[in-house]
Structures are given as C-alpha cells and as structure tokens.
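> As they're listed, the protein sequences go chains A and B.
For the first sequence, my numbering gives the first residue as 1, with consecutive numbering after it.
For the second sequence, my numbering gives the first residue as 1, with consecutive numbering after it.
Each hint should be verified, as a subset may be incorrect.
[To be verified] Quick list of in silico lysine to aspartate or glutamate cross-link-like pairs, EDC-like style, CA-CA up to 20 Å:
no. : chain 1 : residue 1 : chain 2 : residue 2
1   : A       : Lys405    : A       : Glu370
2   : A       : Lys444    : B       : Glu423
3   : A       : Lys442    : B       : Asp417
4   : B       : Lys443    : A       : Asp404
5   : A       : Lys90     : A       : Glu240
6   : A       : Lys323    : B       : Glu157
Keep in mind that the hints were calculated from the coordinates and are not lab data.
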Amino acid sequence: MTSKTKKEKNLQSTRDRSLFLEHCLKHQKLYLSLLFLMMVGVIFLTNQGAEKVFFYGEESYAHLVAAEEINDNNFSFTTGGSYPLYLLTKILPVVYVNVIPPLLTIISLLSLGYILRKKEFSQEFIFFFLLLLILSPFFMTLTTTISTATIFFFLFLLTFALLIQSKRYWRYLAILSVAVIPLIDQFSGLITVLALLFYGFSLKKSERGVSWCSLGVVLLMLLGSTIWLNTSFIQGPFHEEHLARDLISDLGGKSGISFFVLILGVLGFLLAWPKKRIILAPLYLFLPLLIPAYIYNTEAISELSIIIIFFASEALLFLINYKWQLPTLRQFTFFLLLLGIFFSSLAFISRLSETGLSMQEQEVLAWMKENIPSGTIIASFPEDADYVSYFAQKTVFFTFHDQDKQKELDNTAIFKATYVDQLFPILVRNNISYIYLSTTAKEKLSADQGLLFLLKNERFKLLHSAGEVEIWGFEQR
Amino acid sequence: MERKTAYWLAAIVLMTFISRLTFALLVPNLSYDSYFHLRQVEHIGQTGLPLFNDPLSYGGRDLTFLPFFYYLMALFALIVPLKVVAIVLPNIFLSLLPLIVFLISKNISKSEEGALFAALLTGFLPILFATANSFSTEMLLIPLLFLTIYAFLRISEKKYLYMYILIFLVSSLTSPVTFLLIMGFIIYLLLSILENKKINKAEIEVILFSFLFFVWTQFLFFKQLFAQEGLGFIWQNIPKAIITQYFPTISLPQAVVLVSVVPFLAGIYVVYRALFQLHNSRAFLLISFVISTSFLAWFRLIPFKISLMFFGVVLAILFSMFYEELRQYIAKTKIARKNWLPGVMILILLPTMFLPAALSALSVETPSNREITAFQWIADHTPEKAGVLARLEEGHLITYYASRHNLIDDQFRLIKDVNSRFEDVNILYHTTFQTQAIGLLEKYNIQYIVLTSHTQQKEKLETFRYLSKKCFDLVYNNFEENYEGGGAQIYQNHCTIREHR
C-alpha cells in the first residue's frame, strides 16, 4: 500500500514537472518577453535611481565620440568602424540613441527565435536557449551599451532571418544588411564570411545564388573597409582586459557569462560531440577562430558567449531528458542550476549599478567642458578616458582602444611615477597640461607616495574638485 | 564487525583523544590563528551573527568566510565554556577520524586488521597531531571530508545518499577546501574513462550535484570577493613576501616525515599496484584524491598544511590495502605459522610515527601566558579607539584579548593595501629612523607597540631601535629577567610627525 502511494506520488510529481515545463513552453513568447522587459527595466530603473548617465560601459562613449568626430570633420577614414553609429546619429539626436541598443536587441532576439524555429530546433531548446541568453550578462551589456557587438548581432541575425525566407525579394534584402557588417571590424566580417559559407553549402545547389551573392558582397566590403576605411581587426578593447574575468561575469567582469552557464557549456560541448549532429558542426568549427580571437582581444566575448550558451542549452536539454538513477538529486540539481544562473544575473545587475559615472564625476567633467580650452591634452586612467572625451569634449592622452604601445607605457608611467624627475619629462614630452582623477583612480593610487604625493609640487594646481574627483593643471614652462 | 575489533577500535579512538588532549594541555594556550575563530564564535554567541564586518581587524574591514563551524561551536558554547569547547571539541572531531578511516579502509580492503592499522596510523599522524592546540575550521573539515568519501563509497544505499547530501552540504558551508573533494571526483571520472571502467550512473549524478552545489554556495558567500579579486581569490591575497609560508615549495623529506614514512612507502606501492596491475576502482577513488591533493598543493591552490593532512589520511587508508596484501602473501609462505605481523608492524611504526607525532605536537607555536596577560592589560588600560602594533600572527591576540584595532593579521582577503601594510610592519620593527616609525604609526592610527618575546625571537630584535624617552613611554613590562618564560613590553607613542618636526 505504502509503495503504491509512493509510486503514485512520484508519477504525480513527474506529471507536475512536465505540466510546468509544458506551460512554460506553450507561453514561452510571453514569459521570455516579460523576463526581457523585467531585466532591462530593472537595469534602467536602477540607473535612473542612482542618477547616473544613461549608457553603461566606456564603449558607448568611445563610439559616440568617434561618431561625433565623423560629424565634425565630415568623413575620416580612420573612424570607419563607427560609421554605422555615425549614420544613426545623423538621423537621430543623441538623446534618442538611448533606445537604439534595446531596440536592436529585441529585433535580434526575434530574428534568432525565428531562425531557430525555421531550422527546426525543438521548442524546448529554443526556450532554454533564449532563457539563458536573456539572463546572461553579455546580453544585458548588449542591451544597455552602444557596442559593436550589438550592431553586429542585429545585422548578422537579420541577414540570416532574411536569407531563410522563401520569397526571393526578401532574400535579396539580406545583401543590404550583410554589406554593413564588414564596416564594423574585420573580425565581424570574417565570422559572417564563415557563416555564409556554411549556410551556402547546407543548401541545394539551385538555392545557393543569394548566399554566394551575399558572400561576394561581404568579401568585397571586407577588402574595401580594410584598405580604405582602415578598420581594426577587433574594435577595442574598451576596458582593462582579464581573460578569466571577461569570460566569467561572476569574477567581476563587465560582460561574459555566468559560471554555471560555462559549466553547462562545457558539458554540452562534451555531450554533443559524439552525436555528430550536422547542425552543430559550424559551432565546433567557429571555436578555433573564436578562442584565439578572445585571447587576442576580449571584446570577442559576445560571439564566444553565444556559442557557449548554445552548448549550455544542449546540456540543459540533455539533463531534462536524461533518466536519472537518483531522482531526488535531479530535482536538487535543477533547482541549483536555476538558482545559480538567476543569482549570477542578479549579482551582475547589482554590480552594474555600482559602475558608471557618479554625480561628482559628472560635475567635474561638466566643469572641464566649460573651463578647459580645446586642444589641450588630458591624462587620465584609461578606464576614465572615454568619459572625459565624451563629457568634457577634450582630447585625452591615452585610451585602451588607442592600441599605441608607447602611449600606453607613458600613461602607465605617469600614474606610477614616484619622482618628479620621472613624471615631468613625460608630461612635457607629450604636451599634457591636465590630469583627471576619478574616484576609482584615487582609490587605486597610494595617498602618501606616487602621483598623489607628487601633485603637491608647485607646478601642479588643483583647478576643480567634487568629492574625491579632481582635475589638476600642470604648468608646462 | 567482530567484538574484538570493536574494542581495538574504541581503544584507538580513546587513545588518540587522550593523547591529543594531554598534548593540548601540556602546551600553553591555543595556536595564534585560533583566536580569530574564537572571536567569531564569541560574536555569534552574543549577537547570533558572524562578524562579517570587523571594526578591529586592519582598523576596520569586511570579512568573507563560511560560517557553519562557528555556529556549531557557538551552539556548544551555550552549554560548556568556550575555552573548554575550543580545546576539547576539535580534538574530539579529530579523534573520531580514525573511526571514519576504519570504515573506509574496511570498505576498500575488506580487512578489519588492515583497517585497524589504518585507524591507528590516522590517530597518530604527525601532521594531524600538530593540531592539538588548534581551534580552526580544518579540525571539523578533515573528518567531514572523509565521512563524505565514506558515504560516496556506499552511495547506492539510499540512507548513505541522504547522508552524503547532508555532509557535503555541511562541508561546503565549513570551508572552501571542500573543493579538494570535487577535484578528486573529477580525476576519478577521468581515470575511470582512461581505464575503460564502466562508471556508475549514480556516481556521475552525485558528482554533478556536488560540483554545482559547491560552486553555488561559494558564490553565495564569496560574491564580493570573486568580484573584487577575480581569480586572485585563490591565493587569498597573501602578501608576496610570505606567500611561500602558506604555499611552500614541497620539500620531500619534510613531507615524508609529516605523513609518516611507512604509510608513504606503502602508499606508493598500493598506487602502483592499483593503477597498473589490479585496476581496483575503489582504490581509483582514493588515488584520485592523492592526485588532486598533490595537484592542488603543487599549483598552490590550497594551503600546503591542509593538503598534507588530507594526503596523510589517504595514505593511511591505502596502507590498509597494503597490509591486507602483505598478510595474504605471508599466509602463503613458510613463515606464516604465527600471527606475528601486527606486532612487527607496531614495532616499525613506533619510532617512525609516535615520536614525530609527539615532537610535532610539542613544537607548535603558541603565545605564552605572560604574553597573553600583556594583551589583556591593553584592554583595561588603554582608550577604546587606540590602535596596537604587533607581529602578523599576534594580530588576532590584539583583537581578541585587547579588543583594540590592529595593523595586520592573517585574514588578508579583501585588504587592498596588504603588501604595503606588510612592508610597513617590517619597517616598524627594523627601522632606526624615529620620524619614519612615527609617520607610519600615525598613518595607521597606532598608539601602542607590543614587543613580545616571540617577536624578539622571530625578528632577532632586543628592542625597537627608534625608541626615545621623548616620544615613547614603556607603559607595561612583564619580561622575565632571563627572557625564558616569555613576556612582553608595551610602549605608548606620544609624538606625531608635526610635533616632532
């Protein structure tokens, strides 16, 4: 009698579980949309509450500055990478550019869902894939930052969503969107070339026309943008790079994925390998390109993350369909996985609110905009440089994405100098007249030695400060 | 289990406990690091919460740690005085370890006699015996880890599955070193795949669950630490100058003495046999733990002392397999007429184990009674906001006995300027320039300097070289004339840099 009751209970719990999953799957569009809105809403509201500037991350401001430079100087070949944004700012005032990243990610999500459905991925897989994607920090960054990755994903997914259309004229429209991708950077162009190659070969010979045409356009644009627009291989970096931290958001990264998703990704990679599913072949083949690219420049994290999330969804699906010998552990394990992923996303959101410009920093930068003459050079911590460029509209000595080794060494030497004999020649040689110190910079510098101590020299003058944020003038002589 | 075996086992457990307690009482006071843990337990007893925000350590800082051990101790401290709990309970935990080792060894070697020897070896393992005066999380963690292994070995039985989940949960909330177990499990899976062994599905499920649970709990408690220090959290932010003390490069002879010579040699033999001849999957699990411990210690991912403790106990378990094989081999030879093997084995073990065990227990560094009296004096005779300088290991004595803020202690995590602090402490002990010393004391808001006999020995210093009657007053002195009984001097600083100029 007792055993019967136990069996019935087990059956009931299995039924309940599948009912819950089925309910989620049935209304997945609603739940995923709600989740997306909730995540984005929380991020934006937190930001508004803290009275911080709208965009997160230095990258947004680097692009805005580059787009402004194109506006001011008509067209400069060296800023070709920000051309799509330049086009946007030509159409929209900067204030409205705010809505662009969320809008682009919504279209990207819709395109992605559409592609997966068309390619006959199971409903369960699509649900888990989009769920993990929306919850991942890298996707949150895409939604809140004007980044090359946001534009790339939008164009890339739009291209493929158009390419799989049955009507020919829709497919030809893909050539337009795909043509813009190489303007972002060479890496984005290269990934598109590979994806188009895979896609082309997966079609019947008679259907390959538009794909090959798109491929030809991408190759031509890639060549043209490399030669004439001088596009970089990968744009950035826009922050101090850390291989582990930029991959795993739980280690304090500004993007990346949760550690739990990484574990699931590795598991999915191992589980999917023996199955040799043709649909997964491009993913395995992309990895040898993406991993070195990530090591070269961690800005390639977005492309790598999406592949890891794909494998993670495979693993999640496997764990759900797997017949567990210890059913008790199955429930615990799923509970832990969900908790871990949600916990990681929430931790990332709470950390986001701690980043960005403080009120004092905004105040000092506004003062700098009004009171410091144009054309002068300002030294700052590289992580503050894009903010200074955009908000104070002044020339900064070095930013992470300058990719100028000598400038990087000089900038490091400025902030690590312990004697005026080391500091002054660098400032004079590079014509630096101002030093901007943000709250983070002050925290990192030692109070009684190094630069903060050297600022007591008569050649330095504190021009303005708010809280811990300071702008110092340097007398060149 | 035979009744005779049960008596022997009880005797080993009792003997271990009595000898541990004897050594704990012979050596005055607890080891230096114990006072941090004592303070946490006291705080839980008073407020119900651990001290995650410590106003005294480093002049005020955030602390990150797993709280289970402190709550458990606080629970006992409600009934028994904390000082008794601190000495007796950790020794009870480690005295129960031979019992757990017996169960594992019996499960693996199927020999009660071999398992008894493994239990005896564990009880008197020199590296474990050196912890008789220690009140720290490791005292609970080591038995818990081996109890987890025992439950894992019998995971197919439902009650052991629940036992496993419960103990693993407790271990994960006791110390991050539980990672050692996870690493061992992963190596076990890899070894099994390499040897084409069919892996039990239940084992894979348990390993996956354990891994996820461990990661989740660590992220829950160390979120701030991971975000702030990234991968650097592994090295605990230990100052570069002393990182070799925590993760010393392995000196083989020293390691062999600490885990005892006989089990070490037997362990090598068993590992060789299990891997290349017998392909015993039970032994695989233990060998995986040996590999994981060595790997983690080699790459400085876990403290050397803990890895050696774990390694020593695993070797003791492997010894039971060696003993059983040896017994079976001797049974086939002509010299098998009498059961002389246990006697000979004890004779071999006596000089190689019991002597090093006793010596290591007696050589533990603890503060003397006179030194502790000096710290207690500070609590009664100095202003509440005063800061006190003492050596790194004495940092917790300042916060525990003197209830004043210190300049440095061994809880390095989340301290941004730990390297410069460490250097400044060194300068404060060795500089000859009074301005430099006063400047640093002012920087860290330190008004009192403690010079203990321990400091004198460690720093090879008779007194501070910058002391002058104008700036420093000797406010306390309980040094014995011959300095042998230990003691301390306390100086108060009256000067500031501005006045001095």
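> With reference to the structure, classify each hint as holding or not holding.
Hints versus structure:
{"no.": "1", "hint": "A/Lys405 to A/Glu370", "result": "31 Å, violated"}
{"no.": "2", "hint": "A/Lys444 to B/Glu423", "result": "18 Å, holds"}
{"no.": "3", "hint": "A/Lys442 to B/Asp417", "result": "13 Å, holds"}
{"no.": "4", "hint": "B/Lys443 to A/Asp404", "result": "39 Å, violated"}
{"no.": "5", "hint": "A/Lys90 to A/Glu240", "result": "31 Å, violated"}
{"no.": "6", "hint": "A/Lys323 to B/Glu157", "result": "19 Å, holds"}
In this structure, the earlier hints numbered 1, 4, 5 are contradicted, and the remaining ones agree with it.
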